[in-house]
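Going by our numbering, the sequence shown opens with residue 13, and the numbers climb by one from there.
Please note: incorrect hints may appear among the correct ones.
[As the list claims (entries may be wrong)] With a Cα cut of at most 25 Å, we get these calculated SDA-like pairs of lysine to any residue:
1. Lys247 with Lys350
2. Lys189 with Asn38
3. Lys473 with Tyr451
4. Lys80 with Phe96
5. Lys520 with Val476
6. Lys347 with Ile409
7. Lys473 with Phe517
8. Lys241 with Ile253
9. Lys463 with Leu175
10. Lys590 with Asp606
11. Lys32 with Leu185
12. Lys286 with Leu372
13. Lys356 with Ala228
14. Lys498 with Val102
15. Lys133 with Ser429
16. Lys142 with Lys189
17. Lys353 with Met154
18. Lys196 with Thr272
19. Lys133 with Gly232
20. Lys353 with Ile343
21. Lys585 with Phe608
22. Lys350 with Val332
23. Lys80 with Arg499
24. Lys560 with Asn481
25. Lys133 with Asn481
26. Lys463 with Thr245
27. Lys419 with Leu344
28. Lys133 with Ile73
29. Lys473 with Ala228
30. Lys133 with Phe359
31. Lys133 with Ile343
32. Lys585 with Asn609
33. Lys516 with Gln472
It should be emphasised that the hints constitute simulated quantities derived from the structure, not laboratory data.
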Amino acid sequence: MINKLVKNGKSLIESVDGRKLFWILNIGIFIFYLFYFYVICQSSYSADDLFNANAKAVDYIQGDSVLKLTIRQMKIWMDVGRFFPFSNYVYLLFAYVVPTRFSYKFLIFLTVYLNNLLFAKCMGKITKSKEISLITMMLFPMCIQLTCDFDSALYCFHMLMQLVLMWSMISLLLIFKYLDKIEKGAKRIGNYWYLIASAFCLCLAVGTYEVGYIMAAFLGLGVWAYTGKIGKTLKVLIPDIIAYVLMLYGNYWFRTNAATIGYDGIAINFDIKKIALTFVKQCYSTLPFANQVAARMHNAAYLTKTLLSEFRGRDIIMVVLYVAIMITIYILINKKIKDIKNLKFVFFIGCALFVFPGILISFVGRYQDMSWGEGHLSNYIQSFGLLLILLTIIIRIFRKCKPNVRKVITIILVCLSVGVLLGQQMVARASVEYRYQIYGYPRDNVTAACKMGLFDEVEQKNLVFTASNYIFDQIDTSSLYTMAAKRHIQAVSHNQIVSILDEKFGLKSIYQLQDETETFYAVTSYAVADYGYVIAGKCTKVVLDKAKENVDSMIVESPLIYINNRDSIDTSKWELIKQNGNESIYRMNNTEIDLFNYNIQ
């Protein structure tokens with residue numbers, strides 16, 4: 013049956029024009045990527061993105077702007093001695109380019125696809141094989157963790173790793189373009205701008221994130237493989253070497269001269285045991301299911317779910333598409349397996365990409381306490397190294413095998429790959445939903461309440477005390493409320509309430525705020541997948557605990573309540589203020605509520 017399928021496929025493939033076939037395959041690969049990586053678009057903000065996504069808020073604060081915020085952040089990085097100037101696009105990105113969660117996540121998906129396309133182009137040029145470029149793209153999903161249980165570059169950190177890799181690959185491709193031009197008899201001087209542009213792209217790579225410095229190995233080995241001569245390689249790399257040294261010196265200068273305060277993200281710890289263990293952990297985190305294997309040991313919350321419940325009908329289409337593409341690539345590459353060039357260089361490039369980020373991260377004290385399976389975001393780059401190592405091993409095996417044995421190996425590999433694809437997809441969906449419960453639904457709930465006008469009666473001068481334990485109510489508290497309401501809301505964390513009241517009125521056990529001339533508001537919220545509420549009103553009393561260190565009770569009078577999609581709640585005693593579909597705002601007249609001890613259920 014398999015032989016007949018391959019034979020019929022071979023006849024069909026041979027009947028199609030070569031160029032058209034590659035276009036069809038590339039379109040098929042893009043569709044496959046949409047199916048496989050679409051889970052990225054369904055994920056919530058996480059890590060630094062939770063706060064960076066609120067950058068637009070400063071535009072609603074008098075005398076401030078996103079540009080000023082960007083400049084302040086640049087100065088902060090300079091003060092801690094970090095020199096990565098091209099990473100400071102983040103606030104402008106969130107404020108003006110991708111203002112919604114979906115647009116941001118879809119942009120991440122596009123950069124993932126574009127990077128794989130560029131990487132495939134680089135490998136195709138080095139190996140002189142278009143087929144290798146195709147198989148490279150299809151192997152990538154098997155060489156990276158798809159879960160978002162940890163802060164992966166696939167889900168957060170505003171595409172830092174994607175940009176480092178992208179600029180490095182463009183730099184390499186520009187050198188290839190220059191060499192191709194010279195090979196065809198073009199003048200060196202007239203095409204030297206390719207090398208200048210390559211050097212500029214390398215500056216962008218290393219100036220986006222420090223891990224970019226290890227991409228020099230990728231560039232050097234790639235050019236050496238393409239030229240075949242070390243002397244010629246060094247000659248064409250002169251502009252890149254100069255640019256690299258200048259950026260390296262800039263990094264050194266900022267760390268030794270500009271730094272005024274310490275930063276643990278770049279502090280080095282030379283404990284040999286910790287370095288070795290961190291290196292192993294970082295490399296391990298690159299492997300598919302690495303986090304799930306480790307999480308089993310710690311009984312991760314979402315693993316109590318049956319992963320099979322995450323299976324979707326569209327997964328069948330994804331698998332069929334994957335198998336069809338892989339069979340086609342096998343038929344194309346089978347006859348040309350011995351024509352693939354520079355396989356040793358491909359292996360060494362893979363080793364460099366897999367090993368060097370791990371070495372770099374292992375020296376940083378901040379990351380030496382990382383958990384198993386939860387590596388630093390540079391494991392995104394390591395995935396490409398793992399890909400090339402596996403690719404060279406597979407090709408080596410294929411070269412030594414007879415055609416029939418190759419078919420058997422291909423069938424086994426495709427079956428294993430399908431298992432990995434489906435397993436990773438189900439794990440990713442479970443982890444995305446688990447994280448959305450923590451970060452996504454609460455944020456969406458508060459955002460919707462603000463947009464519907466829950467804080468319309470709050471004036472800019474009023475402080476708004478928050479009572480929930482959600483992360484947006486603990487760190488950078490006012491930004492989400494301000495951005496969503498499109499005006500300055502001075503929300504403060506309940507951890508700050510005691511110090512604020514102490515400063516204004518002195519330290520007391522009970523604050524009767526209704527007797528003060530200044531008006532205070534308070535807010536709390538709760539949200540799950542299909543339901544959420546936000547309660548906000550004038551704060552009349554705050555009661556501290558016996559130690560007078562924390563808030564024990566916070567009373568609001570006749571508050572407004574925003575409810576999203578909850579038909580079973582008895583709202584007959586409340587005054588309807590506004591309604592829009594499943595969303596409603598009510599006034600809880602003549603009602604006092606303790607926001608620290610209230611449950612609407």
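Going down the list of hints, with the structure as the test:
no.: 1; hint: Lys247 with Lys350; verdict: 31 Å, violated
no.: 2; hint: Lys189 with Asn38; verdict: 22 Å, holds
no.: 3; hint: Lys473 with Tyr451; verdict: 29 Å, violated
no.: 4; hint: Lys80 with Phe96; verdict: 18 Å, holds
no.: 5; hint: Lys520 with Val476; verdict: 20 Å, holds
no.: 6; hint: Lys347 with Ile409; verdict: 15 Å, holds
no.: 7; hint: Lys473 with Phe517; verdict: 17 Å, holds
no.: 8; hint: Lys241 with Ile253; verdict: 17 Å, holds
no.: 9; hint: Lys463 with Leu175; verdict: 34 Å, violated
no.: 10; hint: Lys590 with Asp606; verdict: 24 Å, holds
no.: 11; hint: Lys32 with Leu185; verdict: 24 Å, holds
no.: 12; hint: Lys286 with Leu372; verdict: 13 Å, holds
no.: 13; hint: Lys356 with Ala228; verdict: 18 Å, holds
no.: 14; hint: Lys498 with Val102; verdict: 20 Å, holds
no.: 15; hint: Lys133 with Ser429; verdict: 23 Å, holds
no.: 16; hint: Lys142 with Lys189; verdict: 17 Å, holds
no.: 17; hint: Lys353 with Met154; verdict: 24 Å, holds
no.: 18; hint: Lys196 with Thr272; verdict: 53 Å, violated
no.: 19; hint: Lys133 with Gly232; verdict: 17 Å, holds
no.: 20; hint: Lys353 with Ile343; verdict: 19 Å, holds
no.: 21; hint: Lys585 with Phe608; verdict: 22 Å, holds
no.: 22; hint: Lys350 with Val332; verdict: 29 Å, violated
no.: 23; hint: Lys80 with Arg499; verdict: 18 Å, holds
no.: 24; hint: Lys560 with Asn481; verdict: 20 Å, holds
no.: 25; hint: Lys133 with Asn481; verdict: 48 Å, violated
no.: 26; hint: Lys463 with Thr245; verdict: 58 Å, violated
no.: 27; hint: Lys419 with Leu344; verdict: 13 Å, holds
no.: 28; hint: Lys133 with Ile73; verdict: 46 Å, violated
no.: 29; hint: Lys473 with Ala228; verdict: 53 Å, violated
no.: 30; hint: Lys133 with Phe359; verdict: 16 Å, holds
no.: 31; hint: Lys133 with Ile343; verdict: 20 Å, holds
no.: 32; hint: Lys585 with Asn609; verdict: 20 Å, holds
no.: 33; hint: Lys516 with Gln472; verdict: 18 Å, holds
Figure legend: structure checked against the earlier numbered hints; hints not met, in rising order: 1, 3, 9, 18, 22, 25, 26, 28 and 29.
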